[in-house]
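2 protein chains.
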Amino acid sequence: MNREQLFENIKRKQSFLCVGLDTDIKKIPHFLLEEEDPIFAFNKAIIDATADLCIAYKPNLAFYECMGVKGWLAFEKTINYIKDNYSDQLVIADAKRGDIGNTSAMYARSFFEEGRVDAVTVAPYMGEDSVKPFLGYENKWVILLALTSNKGSHDFQLTTDPQGERLFEKVLRKSQEWADADQLMYVVGATQGKAFEDIRKIAPHHFLLVPGVGAQGGSLEEVCKYGMNSQCGLIVNSSRGIIYADNTQGFADAARQSSQNLQQQMSVLLQKNSLI
Amino acid sequence: MNREQLFENIKRKQSFLCVGLDTDIKKIPHFLLEEEDPIFAFNKAIIDATADLCIAYKPNLAFYECMGVKGWLAFEKTINYIKDNYSDQLVIADAKRGDIGNTSAMYARSFFEEGRVDAVTVAPYMGEDSVKPFLGYENKWVILLALTSNKGSHDFQLTTDPQGERLFEKVLRKSQEWADADQLMYVVGATQGKAFEDIRKIAPHHFLLVPGVGAQGGSLEEVCKYGMNSQCGLIVNSSRGIIYADNTQGFADAARQSSQNLQQQMSVLLQKNSLI
Numbered sequence: 635m636n637r638e639q640l641f642e643n644i645k646r647k648q649s650f651l652c653v654g655l656d657t658d659i660k661k662i663p664h665f666l667l668e669e670e671d672p673i674f675a676f677n678k679a680i681i682d683a684t685a686d687l688c689i690a691y692k693p694n695l696a697f698y699e700c701m702g703v704k705g706w707l708a709f710e711k712t713i714n715y716i717k718d719n720y721s722d723q724l725v726i727a728d729a730k731r732g733d734i735g736n737t738s739a740m741y742a743r744s745f746f747e748e749g750r751v752d753a754v755t756v757a758p759y760m761g762e763d764s765v766k767p768f769l770g771y772e773n774k775w776v777i778l779l780a781l782t783s784n785k786g787s788h789d790f791q792l793t794t795d796p797q798g799e800r801l802f803e804k805v806l807r808k809s810q811e812w813a814d815a816d817q818l819m820y821v822v823g824a825t826q827g828k829a830f831e832d833i834r835k836i837a838p839h840h841f842l843l844v845p846g847v848g849a850q851g852g853s854l855e856e857v858c859k860y861g862m863n864s865q866c867g868l869i870v871n872s873s874r875g876i877i878y879a880d881n882t883q884g885f886a887d888a889a890r891q892s893s894q895n896l897q898q899q900m901s902v903l904l905q906k907n908s909l910i
Numbered sequence: 635m636n637r638e639q640l641f642e643n644i645k646r647k648q649s650f651l652c653v654g655l656d657t658d659i660k661k662i663p664h665f666l667l668e669e670e671d672p673i674f675a676f677n678k679a680i681i682d683a684t685a686d687l688c689i690a691y692k693p694n695l696a697f698y699e700c701m702g703v704k705g706w707l708a709f710e711k712t713i714n715y716i717k718d719n720y721s722d723q724l725v726i727a728d729a730k731r732g733d734i735g736n737t738s739a740m741y742a743r744s745f746f747e748e749g750r751v752d753a754v755t756v757a758p759y760m761g762e763d764s765v766k767p768f769l770g771y772e773n774k775w776v777i778l779l780a781l782t783s784n785k786g787s788h789d790f791q792l793t794t795d796p797q798g799e800r801l802f803e804k805v806l807r808k809s810q811e812w813a814d815a816d817q818l819m820y821v822v823g824a825t826q827g828k829a830f831e832d833i834r835k836i837a838p839h840h841f842l843l844v845p846g847v848g849a850q851g852g853s854l855e856e857v858c859k860y861g862m863n864s865q866c867g868l869i870v871n872s873s874r875g876i877i878y879a880d881n882t883q884g885f886a887d888a889a890r891q892s893s894q895n896l897q898q899q900m901s902v903l904l905q906k907n908s909l910i
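From first to last, the protein sequence lines are chains A and B. The first sequence begins at 635 in my numbering and counts up one residue at a time. The second sequence begins at 635 in my numbering and counts up one residue at a time.
For reference, chain A alone in the conformation it holds in the complex (with noise of 0.2 Å):
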């Protein structure tokens, strides 16, 4: 999916949502446990009853992988359910890989060339060789961890130079040397607030990933207020608020009530921006 696409699919669904598949076998409905497949059964249930009310999809592999063969099995038939059925989603594998380049370029044949994902989440720490073998696949994307949503991120993220430039800023910068707003994507939490402003001066054209909506306690408002720019340039994931919004047999409608709840405000959102 390339940037126009993606911006349509914005457009026509009035809607910026990603719904974060993380899903834990120890939090879905019990009577899901019955199942073949607890994990898929949860995921393609919540997947029929949001997807027209979200413009992607973004299982975190920790949650797959903790679950050993069993778990990996269910992400693949969970990207190749969505590929088949609702094939305007973009897929995310939020995965924070990042490896010296003869690695990384095994993961990204993993994800992009026998898996079906649109998007991977890479961690830049290691540098250019790390996260280049992931650019050059036509219409994939990088997602780069830029500045994070969890408390942590001030660790090391907010590390100035001698310059005043934070290493966010450095990872914005220097990234935009590998690749351009039509390959590379940005994490930014939406814990963040006012540094969505200066992301902004770096990086006006890039597409933001923003985790922290919900659970984490960031604001939606204020998101859109410094990070939306002429393409809505965001993609806003919910995980926890949506998925387990409820855990009796009406899981799948709470679900949708919560998809509907955010999208209603991203549609607010978008008219006031004038960008539908």
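Don't take every hint at face value.
Repeated chains share a single entry, so a pair holds when one copy, or any two copies, can fit it.
Stated by the list, open to error - SDA-like mimics (lysine to any residue), calculated; alpha carbons at most 25 Å apart, straight line:
1. Lys835 to Asp795
2. Lys647 to Pro838
3. Lys660 to Leu769
4. Lys704 to Asn714
5. Lys808 to Gly798
6. Lys704 to Asp718
7. Lys704 to Glu670
8. Lys660 to Val703
9. Lys704 to Ile659
10. Lys704 to Met635
11. Lys835 to Pro796
12. Lys766 to Arg800
13. Lys766 to Gly848
These aren't lab readings, by the way, just hints derived from the structure by calculation.
Following the hints, complete the assembly by docking chain B onto the known chain A.
Same frame as chain A, but now just chain B:
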């Protein structure tokens, strides 16, 4: 495995060699492709041929993930084979993970509770709460990326703050507030030469996992000159130079020969430093 046991193994085997099991189906001897699980068959042969010469094995997850479920099975079988047959080996999952707290906790569970690995490599970019969930498992280790072996290590890891502290030095200093040398090791590339001297000023007692000898061009002598401490403090990894030393029927013998060459150099260096 604790720090004293690790040092005992090093003295007994006169080796601080780690064999990197970066097993790529495209590079293993062709005749193995007839096996039911070629990756595991290859690993098993390499392990049996080298176990008396090394003190650790380090499968890099990328090489297994890129094969999907099959790769995951081969990874689990490899770990179990080492643990069942060579229980004195430190098993390092080279995963370079790191995510927000609840997600890092999933990874930690996956490696340390469901899996049988002793140590996991972790990326520091997201800070304290991304690393902490991996700590606090008895006799398990976090190996934090500090100064990596690749060219891209210069992009961000060498960034200085106004006091002249480089990012990798901040990672070394800051992370010691979270855990001590009994739970924490650092990745430092063999290609970094004299930087080992600076690292030992900040982390005199920690074990360092050192990739980059061999294919990447690092020098074992230099690493030991600047990096060895009173408990050796080094685990030097070689992957491609050992496991792909030959790709005929004699591949395991060749892997043994390469390992032995390194072990003999290590023995001399341990003697020179009066550790054996």
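The hints, checked one at a time:
1. Lys835 to Asp795: both (18 Å within a copy, 22 Å between copies)
2. Lys647 to Pro838: So Lys647 and Pro838 pass the 25 Å test inside one copy only (23 Å; across, 57 Å).
3. Lys660 to Leu769: Answer is between: at 22 Å across copies they meet the 25 Å cutoff, but 36 Å inside does not.
4. Lys704 to Asn714: So Lys704 and Asn714 pass the 25 Å test inside a copy (16 Å) and across (17 Å) alike.
5. Lys808 to Gly798: both (15 Å within a copy, 20 Å between copies)
6. Lys704 to Asp718: Both ways: Lys704 and Asp718 sit 21 Å apart in one copy and 23 Å across, limit 25 Å.
7. Lys704 to Glu670: both (11 Å within a copy, 20 Å between copies)
8. Lys660 to Val703: both (17 Å within a copy, 22 Å between copies)
9. Lys704 to Ile659: Classified as both: same-chain Cα gap 11 Å, cross-chain 22 Å, threshold 25 Å.
10. Lys704 to Met635: neither (29 Å within a copy, 29 Å between copies)
11. Lys835 to Pro796: This pair counts as both: shortest intra-copy Cα distance 20 Å, inter-copy 23 Å.
12. Lys766 to Arg800: Answer is both; intra-copy 22 Å and inter-copy 24 Å each pass.
13. Lys766 to Gly848: between (33 Å within a copy, 23 Å between copies)
Hint check: a violation occurs at hint 10 only; the rest are consistent with the structure.
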